[in-house]
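Asker: The chain contents come next:
Protein chains: 2
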Amino acid sequence: MLSYWCEQAWLPPGRVARRVRLDVADGAVAAIAEDVEPGDARRLAGLVLPGFANAHSHAFHRALRGRTSVGRGDFWTWRQQMYAVAERLDPDSYLRLATAVYAEMALAGITCVGEFHYLHHGPGGTPYDDPNVMQAALADAAAAAGIRITLIDTCYLTGGIGRPLEGAQLRFGDGDADRWAARELARTAGRHVRFGAAVHSVRAVPADQIATVAESAQARDNRLHVHLSEQPAENDACRAAYGCTPTELLAKARALGPSMVAIHATHLTDLDVRLLGFHHVEVCFCPTTERDLADGIGPARQLADAGCRLSLGSDSHAIIDPFEEMRALEMHERLASGERGRFDVPALIQVASRMGHRALGWPEAGRIALGTPADLVAVGLDSPRTAGGDDPAATAVFAATAADVTDVVVGGRPVVREGVHLRVPDVG
Amino acid sequence: MLSYWCEQAWLPPGRVARRVRLDVADGAVAAIAEDVEPGDARRLAGLVLPGFANAHSHAFHRALRGRTSVGRGDFWTWRQQMYAVAERLDPDSYLRLATAVYAEMALAGITCVGEFHYLHHGPGGTPYDDPNVMQAALADAAAAAGIRITLIDTCYLTGGIGRPLEGAQLRFGDGDADRWAARELARTAGRHVRFGAAVHSVRAVPADQIATVAESAQARDNRLHVHLSEQPAENDACRAAYGCTPTELLAKARALGPSMVAIHATHLTDLDVRLLGFHHVEVCFCPTTERDLADGIGPARQLADAGCRLSLGSDSHAIIDPFEEMRALEMHERLASGERGRFDVPALIQVASRMGHRALGWPEAGRIALGTPADLVAVGLDSPRTAGGDDPAATAVFAATAADVTDVVVGGRPVVREGVHLRVPDVG
Numbered sequence: 001m002l003s004y005w006c007e008q009a010w011l012p013p014g015r016v017a018r019r020v021r022l023d024v025a026d027g028a029v030a031a032i033a034e035d036v037e038p039g040d041a042r043r044l045a046g047l048v049l050p051g052f053a054n055a056h057s058h059a060f061h062r063a064l065r066g067r068t069s070v071g072r073g074d075f076w077t078w079r080q081q082m083y084a085v086a087e088r089l090d091p092d093s094y095l096r097l098a099t100a101v102y103a104e105m106a107l108a109g110i111t112c113v114g115e116f117h118y119l120h121h122g123p124g125g126t127p128y129d130d131p132n133v134m135q136a137a138l139a140d141a142a143a144a145a146g147i148r149i150t151l152i153d154t155c156y157l158t159g160g161i162g163r164p165l166e167g168a169q170l171r172f173g174d175g176d177a178d179r180w181a182a183r184e185l186a187r188t189a190g191r192h193v194r195f196g197a198a199v200h201s202v203r204a205v206p207a208d209q210i211a212t213v214a215e216s217a218q219a220r221d222n223r224l225h226v227h228l229s230e231q232p233a234e235n236d237a238c239r240a241a242y243g244c245t246p247t248e249l250l251a252k253a254r255a256l257g258p259s260m261v262a263i264h265a266t267h268l269t270d271l272d273v274r275l276l277g278f279h280h281v282e283v284c285f286c287p288t289t290e291r292d293l294a295d296g297i298g299p300a301r302q303l304a305d306a307g308c309r310l311s312l313g314s315d316s317h318a319i320i321d322p323f324e325e326m327r328a329l330e331m332h333e334r335l336a337s338g339e340r341g342r343f344d345v346p347a348l349i350q351v352a353s354r355m356g357h358r359a360l361g362w363p364e365a366g367r368i369a370l371g372t373p374a375d376l377v378a379v380g381l382d383s384p385r386t387a388g389g390d391d392p393a394a395t396a397v398f399a400a401t402a403a404d405v406t407d408v409v410v411g412g413r414p415v416v417r418e419g420v421h422l423r424v425p426d427v428g
Numbered sequence: 001m002l003s004y005w006c007e008q009a010w011l012p013p014g015r016v017a018r019r020v021r022l023d024v025a026d027g028a029v030a031a032i033a034e035d036v037e038p039g040d041a042r043r044l045a046g047l048v049l050p051g052f053a054n055a056h057s058h059a060f061h062r063a064l065r066g067r068t069s070v071g072r073g074d075f076w077t078w079r080q081q082m083y084a085v086a087e088r089l090d091p092d093s094y095l096r097l098a099t100a101v102y103a104e105m106a107l108a109g110i111t112c113v114g115e116f117h118y119l120h121h122g123p124g125g126t127p128y129d130d131p132n133v134m135q136a137a138l139a140d141a142a143a144a145a146g147i148r149i150t151l152i153d154t155c156y157l158t159g160g161i162g163r164p165l166e167g168a169q170l171r172f173g174d175g176d177a178d179r180w181a182a183r184e185l186a187r188t189a190g191r192h193v194r195f196g197a198a199v200h201s202v203r204a205v206p207a208d209q210i211a212t213v214a215e216s217a218q219a220r221d222n223r224l225h226v227h228l229s230e231q232p233a234e235n236d237a238c239r240a241a242y243g244c245t246p247t248e249l250l251a252k253a254r255a256l257g258p259s260m261v262a263i264h265a266t267h268l269t270d271l272d273v274r275l276l277g278f279h280h281v282e283v284c285f286c287p288t289t290e291r292d293l294a295d296g297i298g299p300a301r302q303l304a305d306a307g308c309r310l311s312l313g314s315d316s317h318a319i320i321d322p323f324e325e326m327r328a329l330e331m332h333e334r335l336a337s338g339e340r341g342r343f344d345v346p347a348l349i350q351v352a353s354r355m356g357h358r359a360l361g362w363p364e365a366g367r368i369a370l371g372t373p374a375d376l377v378a379v380g381l382d383s384p385r386t387a388g389g390d391d392p393a394a395t396a397v398f399a400a401t402a403a404d405v406t407d408v409v410v411g412g413r414p415v416v417r418e419g420v421h422l423r424v425p426d427v428g
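Protein chains in written order, with this note's numbering: chain A, 1 to 428; chain B, 1 to 428.
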């Protein structure tokens with residue numbers, strides 16, 4: 001039996017335990033003992049946290065880092081550059097790119113990624129022989145990087161409300177929601193792979209087809225993800241076409257519910273917030289992307305108070321750093337509200353780990369407890385950034401960065417040791 | 001003669017040059033050659049930037065990291081905790097603390113720090129035998145850490161407009177501005193030490209004594225720093241007492257001018273912005289602190305357009321990372337404006353290096369040019385964060401962190417090599 005000994009570990013419901021031995025069997029935690037000697041267990045120094053879930057990823061956007069951030073303009077200018085990358089990828093090149101991206105995630109302590117995937121087809125929209133080969137490449141990339149993946153198969157039918165797909169967008173489209181569902185059903189899972197479904201946005205799926213996607217997701221017990229009100233222009237277009245907000249449109253399509261995950265939710269009305277809360281919709285914030293793309297600051301605390309669970313995603317991968325995302329959720333709240341302590345440390349860790357795993361259909365993961373997957377992240381507490389604190393969890397959340405992750409274990413197996421990825425050399 | 005060879009270097013006015021050899025004599029750059037072989041020069045990989053200036057530091061606040069960030073409340077609640085640390089320090093313990101803080105700065109690429117110093121006296125306000133012994137400790141700390149320092153001697157007379165100092169504040173006070181000036185004049189400089197002066201804020205220096213501090217600074221050719229409108233409550237108190245904004249009060253005291261550096265400048269009126277711009281006041285933003293303390297987002301772009309030069313400081317040291325400060329200046333603008341590209345990459349590097357050095361009275365430093373101090377920072381371009389970009393400067397500004405700094409040279413002497421501080425072991 002494999003065992004790990006943690007100098008300090010974050011145990012439910014939210015406390016730092018010391019000298020913790022974790023025995024692992026079949027990838028899960030089989031025994032937990034506190035205040036014990038390490039014995040022959042593998043030693044993890046610093047603070048051991050449950051693995052982080054990155055609940056919203058577009059892997060190929062990583063290729064834009066250090067290129068488009070310099071640009072002027074807004075979200076829509078950036079989108080044109082993103083499409084230029086999308087046009088160039090094929091299954092082989094996407095496997096290589098995504099392997100590097102997921103390895104970067106592993107190095108940052110992310111043990112489960114939700115890939116919001118819409119780059120389904122070949123150039124011009126011609127399906128590949130295997131119409132799901134692009135997401136098979138993503139599953140292979142996650143396996144190579146040693147992390148779990150939820151393939152969130154995204155329905156993307158229009159290039160705006162009432163507008164056909166064009167250019168790179170042709171690669172995203174299945175024609176209609178029924179054909180999307182038929183293709184999506186043909187996918188095959190794996191031990192490290194689970195499925196989700198998505199409506200790209202109310203821009204990209206006509207109102208009368210949203211229900212088809214939502215019902216298909218419900219029938220398969222998959223979570224339904226939706227980009228929601230990231231930009232004011234989306235709200236304006238929705239109001240012009242349908243006379244209501246995107247949230248209201250999703251409510252009419254009976255898509256709102258506890259198995260839905262709204263991405264961004266930046267520009268909401270008070271009624272939107274009440275609707276999302278009433279239906280216990282989960283909301284995934286992507287703070288480092290939302291600031292990079294000049295989206296704005298969404299009402300995170302209001303949504304949580306209304307009844308929504310929150311999770312976090314690195315989305316465009318301008319930065320891949322779950323510590324920075326946790327911090328930014330709280331920091332953006334501070335900037336908008338003038339108050340500190342809008343989310344406390346246990347809440348921020350919960351958002352980054354357990355809630356993210358829920359949003360991705362791994363409800364058993366994201367905490368260190370008996371019977372849960374042994375997904376562990378050791379954060380060094382002796383770096384220039386983390387030294388000197390007296391509260392290890394607060395230090396990890398408010399002072400650490402991805403560079404302070406020393407060891408990562410997924411399903412009991414070491415993936416990162418002393419800051420080095422054990423399977424993907426020379427990440428990048 | 002000592003020489004460095006840079007794989008890539010950022011040269012004025014703002015371009016990446018390749019294969020650059022820098023010869024150093026008497027701490028300054030004596031020759032620059034591009035597209036040459038390394039020969040026997042010390043090799044610096046990645047991108048070499050000019051050393052960063054941290055234009056606003058309160059070294060002892062570093063002791064609060066991972067302690068107060070977890071707190072609720074606002075700026076004023078945080079200030080009580082900060083005072084509790086201030087009460088405990090003496091010259092010996094401050095030397096040890098500041099050495100670690102400045103070594104953390106060196107590791108992050110900061111080669112010059114501006115210490116906004118007001119912890120002048122012993123407990124209860126009793127002067128030490130040498131009344132400047134606390135700042136002598138700071139100078140020694142900077143020497144130990146291998147960086148330059150500007151000791152910004154701060155006049156701090158009242159605990160709010162019309163209120164006496166109390167508690168820890170007693171250690172800050174000199175009684176009046178004339179006694180402040182007499183003490184300040186007794187300081188002695190060093191090769192790595194220059195001087196500045198400060199009015200702590202309009203809260204802490206009565207209106208009729210601000211001019212005394214400003215004139216003393218002008219007479220010594222020192223820059224005059226002032227905390228300005230960080231919190232709405234400061235503006236309210238100023239309006240109530242004087243019937244004008246803090247900026248207007250400084251204008252009446254004839255303190256505004258190109259040798260003044262306003263810190264924060266978060267909550268300004270349009271007239272304030274025009275006044276600061278008209279007088280070419282420099283403005284030091286502290287974005288990671290301003291978000292941590294829930295201060296808000298100041299009008300950086302407006303101030304720059306009005307005629308102000310900008311610089312950056314890590315202030316409370318919630319984070320010490322000049323890359324994060326550069327990014328945050330732009331990202332906070334994006335969040336507030338909904339637009340990207342408010343500051344371009346050359347502008348952000350200029351703000352973090354040259355403009356910061358100007359604000360600290362080292363106008364010759366902060367760029368790699370003939371005759372300037374050989375202060376160099378090498379940023380690795382092959383980390384998980386920085387790999388894959390095609391624009392080294394954009395990658396450094398938008399993707400790198402302090403953890404990507406590999407080598408730091410100050411005045412031609414190596415201070416950090418391969419991420420390790422050469423003089424201060426086990427930083428922290």
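Rather than coming from a laboratory, the hints here were simulated on the basis of the structure.
Do not rely on the hints blindly, as some may be mistaken.
As the list claims (entries may be wrong) - Between beta-carbon pairs, the in silico distance windows are: (1) B:Gly73 x A:Glu418: 35 to 41 Å; (2) B:Pro164 x A:Asp391: 30 to 36 Å; (3) B:Pro363 x A:Trp76: 50 to 56 Å; (4) A:Ser337 x B:Pro164: 31 to 37 Å; (5) A:Pro12 x B:Glu37: 43 to 49 Å; (6) A:Asp391 x B:Asp129: 51 to 57 Å.
What the hints assert, rightly or not - Coverage of chain A stretches by chain B, computed from C-beta distances (three or more under 8 Å per stretch; other residues unrestricted): (7) 33-40; (8) 328-335.
All values derive from a computational prediction rather than experimental measurement.
Even glycine gets a Cβ: it sits at the ideal position worked out from N, Cα and C.
Asker: Evaluate each hint against the coordinates.
Answerer: Verification of the supplied hints:
1. Checked against the hint of 35 to 41 Å, the pair Gly73 (chain B) and Glu418 (chain A) passes, with Cβ atoms roughly 39 Å apart.
2. Between Pro164 (chain B) and Asp391 (chain A), the C-beta spacing of about 34 Å keeps the proposed range 30 to 36 Å intact.
3. The hinted range of 50 to 56 Å is not satisfied by Pro363 (chain B) and Trp76 (chain A), whose Cβ atoms lie roughly 41 Å apart.
4. Between Ser337 (chain A) and Pro164 (chain B) the CB atoms are about 33 Å apart, so this pair conforms to the stated range of 31 to 37 Å.
5. Taking the beta carbon of each, Pro12 (chain A) and Glu37 (chain B) are about 59 Å apart, not inside 43 to 49 Å as hinted.
6. Between Asp391 (chain A) and Asp129 (chain B) the C-beta distance comes to about 38 Å, which lies outside the given range of 51 to 57 Å.
7. Three residues within the 8 Å Cβ limit are the bar, and the segment 33-40 of chain A against chain B gives 0, so the coverage statement is violated.
8. Only residues whose C-beta sits within less than 8 Å of a C-beta in chain B count toward coverage, and the segment 328-335 of chain A has 4 of them, enough to reach three; the restraint holds.
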